[in-house]
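Student: Its first residue numbered -4, the sequence shown is counted upward by one per residue in my numbering.
If you are wondering where the hints come from, they were derived from the structure by calculation, not from laboratory data.
Fair warning: this is a prediction, and the values are worked out from it, not measured in the lab.
Just so you know, not all the hints are guaranteed correct.
Here are the in silico distance ranges between beta carbons for each label pair [as the list claims (entries may be wrong)]:
{"#": "1", "residue 1": "THR265", "residue 2": "LYS165", "range": "23 to 31 angstroms"}
{"#": "2", "residue 1": "ASN236", "residue 2": "ILE93", "range": "24 to 32 angstroms"}
{"#": "3", "residue 1": "LYS86", "residue 2": "ASP269", "range": "55 to 63 angstroms"}
{"#": "4", "residue 1": "LEU227", "residue 2": "CYS15", "range": "23 to 31 angstroms"}
Straight-line Cα separation of at most 25 angstroms, DMTMM-like style, residue types lysine to aspartate or glutamate; simulated pairs [said to hold, decoys possible]:
{"#": "5", "residue 1": "LYS128", "residue 2": "ASP31"}
{"#": "6", "residue 1": "LYS23", "residue 2": "GLU173"}
{"#": "7", "residue 1": "LYS127", "residue 2": "GLU81"}
Beta carbons are placed, not taken as given, at the ideal position from N, Cα and C, and that holds for glycine.
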Amino acid sequence: MSAAEIERSLITKFRKDVWCPFVKSVKKYELVREGDEIAVCISGGKDSFLLAKCMQELCRHGQFRFGLKFIVMDPGYAPANRALIEENAEKLGVPVEIFESDIFGVVGAAQSGSPCYLCARMRRGYLYEFAKKRGCNKIALGHHFDDAVETTLLSMFYGAELKTMMPKLKSTSHPGMELIRPLYAVRESRVKAWAEYHGLTFLNCACRFTERVQNKEEESKRREMKALIARLEAENPEAANNVFRSMHNVCLDCIVGWRKGGVRENFLDTYSQDPSNRL
-4 MSAAEIERSL ITKFRKDVWC PFVKSVKKYE LVREGDEIAV CISGGKDSFL LAKCMQELCR
56 HGQFRFGLKF IVMDPGYAPA NRALIEENAE KLGVPVEIFE SDIFGVVGAA QSGSPCYLCA
116 RMRRGYLYEF AKKRGCNKIA LGHHFDDAVE TTLLSMFYGA ELKTMMPKLK STSHPGMELI
176 RPLYAVRESR VKAWAEYHGL TFLNCACRFT ERVQNKEEES KRREMKALIA RLEAENPEAA
236 NNVFRSMHNV CLDCIVGWRK GGVRENFLDT YSQDPSNRL
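Given these sequences and hints, build the entire structure.
Tutor: What follows is the structure, given as structure tokens:
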């Protein structure tokens, strides 16, 4: 199947489950503006390559005129993994720019801390830096609906706080740069269906440290959340959707405590003056 046919499928076969929620997220969260220069960050997995195709289609037919760059950071991939990324990029018609870093070497030498956490932080910094040098003001990542729901549940069960993965964020370390997540409302199952329909094989995990961390807490907890969501949806098909929607519908009248900008507040601060605290 050609790149053109794969692109066409986004607005035909996968219009309802991929294209429409993608466009809805772009509009709802104001992820793309006129004149943006957006670096789509490709890890080699199915999520980031689907994002690349959606962004290409949006650039051609969307409401705003904006520019795209497709960047791949090679943190020390095995030659076969890098070759697979390059082959998929050519097959899909995605003109990638590859730059190298020494992240795997640095993470491998680290004596303490989570290698996954350290790698993620370093990756983000490298991506911001390269994107900025290429004249971009935003980076786009392939996180999807399930990532957001799992993050919400993880924060509650293991972090003792209520927060989620945001659809966009301003960089604190790179002024003028933003991170956007255009696949925010697309289910992971539909991403898999898109890849399988086209017979595409992508990198699953190219990390050198997979075996070293596969039983670590952060990985097992995320798998636990996936299993929990599957069980909940077996009983209530709207369970994951309701978790997702709840983060858009927080009732502050019924929240005991919260923090904003690092400042903690409590319902008792205004309890005596607040008329809403009545039955």
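Student: Confirm or reject each hint.
Tutor: These are the hints, each one checked on the structure:
no.: 1; hint: THR265 x LYS165: 23 to 31 angstroms; verdict: holds, 29 angstroms
no.: 2; hint: ASN236 x ILE93: 24 to 32 angstroms; verdict: violated, 37 angstroms
no.: 3; hint: LYS86 x ASP269: 55 to 63 angstroms; verdict: holds, 59 angstroms
no.: 4; hint: LEU227 x CYS15: 23 to 31 angstroms; verdict: holds, 24 angstroms
no.: 5; hint: LYS128 x ASP31; verdict: holds, 15 angstroms
no.: 6; hint: LYS23 x GLU173; verdict: holds, 16 angstroms
no.: 7; hint: LYS127 x GLU81; verdict: holds, 23 angstroms
Against the hints set out earlier in the document, a violation occurs for number 2 only.
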